[in-house]
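Build out the structure end to end from the sequences listed, making use of the hints.
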Amino acid sequence: MQGLAASSKLTTMAIVLTVLLIGLAGAAHGRRRIVSDDEDEPCKKMTLYYHDILYNGVNNTANATSAAATKPTALSTTHWKNGTYFGMLVTFDDPVTAGKALPAAGEEPVARAQGFYLYDKQESYNSWFGFSLVFNSTAHKGTINLLGADLMDEKTRDLSVVGGTGDFFMTRGICTLQLDAYEGTVYFRLKMDIKLYECYV
Amino acid sequence: MQGLAASSKLTTMAIVLTVLLIGLAGAAHGRRRIVSDDEDEPCKKMTLYYHDILYNGVNNTANATSAAATKPTALSTTHWKNGTYFGMLVTFDDPVTAGKALPAAGEEPVARAQGFYLYDKQESYNSWFGFSLVFNSTAHKGTINLLGADLMDEKTRDLSVVGGTGDFFMTRGICTLQLDAYEGTVYFRLKMDIKLYECYV
Amino acid sequence: MQGLAASSKLTTMAIVLTVLLIGLAGAAHGRRRIVSDDEDEPCKKMTLYYHDILYNGVNNTANATSAAATKPTALSTTHWKNGTYFGMLVTFDDPVTAGKALPAAGEEPVARAQGFYLYDKQESYNSWFGFSLVFNSTAHKGTINLLGADLMDEKTRDLSVVGGTGDFFMTRGICTLQLDAYEGTVYFRLKMDIKLYECYV
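Protein chains in written order, with the numbering used here: chain W, 19 to 219; chain F, 19 to 219; chain C, 19 to 219.
Quick caveat, the hints were computed from the structure, so don't treat them as lab data.
Be aware that a few hints might be false.
Each pair may be met inside one copy or between any two copies, as identical chains are not told apart.
What the hints assert, rightly or not - Calculated cross-link-like contacts (lysine-lysine; reagent style DSSO-like; alpha-carbon spacing at most 30 Å): (1) K209 to K173; (2) K89 to K99; (3) K62 to K118.
If you want it as structure tokens, here you go:
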């Protein structure tokens, strides 16, 4: 019987401790913080497509959603005479879609990607991104902030999700990029696999 | 008696576990990490005012604290003939104050905001910020690092605090921006409500 | 005997709770998250050297690994007639080494630093960094993403490590910079003391 009493107290204790532990991880009034410690189990996943339609300097102002704000530097031709755009900074306000297709005329994309990339390698194409995914729909409102190296020589490469706002309050994670399609130097589509490991729900 | 013994052991156990739990969240020698899991209860709050005095290209070099490092691209006039500055990157070393007024001559502001913003929308004004708040006073020494979308169409919009140094070692949080005043295109003042959710104390 | 039974159950309980606690901090399949709450005990430390060889605009294209993508603005000479480069954005693809020496011809550096710095102070030299350390060796594969104010007036200054990928999955930390050597305006070497406080192992 005493053993049973102790056992029952142990159960109570376990409950108290569980509540304590939940209390440590939880929130009284606002959303509750979740940290996924297992890299195989993000707290949120999304696959999106990023469409970059670069202004060609001639005749596509109507369609283009990105443009070079600086010219390639003299070092852009040190290793390859055709140039690697080293030093060219491109500003973009690019549509981001759930499927591969660009939105039809009048259709809204699921998000906009707004920010810049900067070509930063002499030997080959490579760039550095700093931008926000801006969501403004019934499904999602808020931003996801990303940055990192787009190592274009690699089949897939990872950017860091360093913060978020609104529905993505204080998030962190990884965004895996993969080239999905391109047309010359004027259009490319990147598949973005976003895995968030810190969420507030 | 056995029950009492077990109960006393349970109490000891609870203390041991509490110490363990504090140990997990705490620090032996340096500052202790605090994570506020409740979005309503940041571990630190500040309201500051950011003053941007843009060089007009003519006659305000003596007062200006920011200047365009790149010109707007050709896409800046696609949707609005007066232009949305799309692609213009502005470098700034702006005073940041606790009150709304600019510091009097010779007075130091509470911090400097140093970094850049980049206009990144074709249809209207919108920008992307990457900068540091640099504190160097008796009250605060260190930096807060911020980035994100300044969605100027919204009454308030949030940037991410992605890191910090010195007094703001390893911090994370949110900075809510609100336009507080402006004079033409040469001056604007933003109210910055900074809420930090990861602090070291 | 009952006391012994209870004690034995307490032991079991302690094990269960320990597993629970490890479970909270740990991972089932992937790497396990470690947060060092003590600023004196990072989960990983590295000392590296960053070499910036700036294109001089004349005759060092063969050696240069960085180049100005924008010119200094008009405000760069407001406080000092020789100029503080205010508004000059420099793109770099710089070698990073474990020792102080530059890699010999044909030797690979331990990492590349790819990204940009932007001069952002009128009164003196000061810059803002956004870049990735790109590792691609048998020792390390992955990137460390950094940003922050390089307060060149200070003997040492700290940048934020805001994320990482590959071997540095989801990392955060601090990178302390110190000028280690320079030659005129064409070369400088920074000692980088990197201390990571969030690691996955």
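So, going through the hints one by one against the coordinates:
Taking the shortest alpha-carbon separations for K209 and K173, only the intra-copy value of 11 Å comes in at or below 30 Å, while the best inter-copy value is 32 Å. Both within a single protomer and between protomers do K89 and K99 lie at most 30 Å apart by alpha-carbon distance, with minima of 16 Å and 24 Å respectively. In this homomeric assembly, K62 and K118 come within 30 Å of each other (Cα to Cα) only inside a single copy, at 21 Å, whereas the closest approach across copies is 40 Å.
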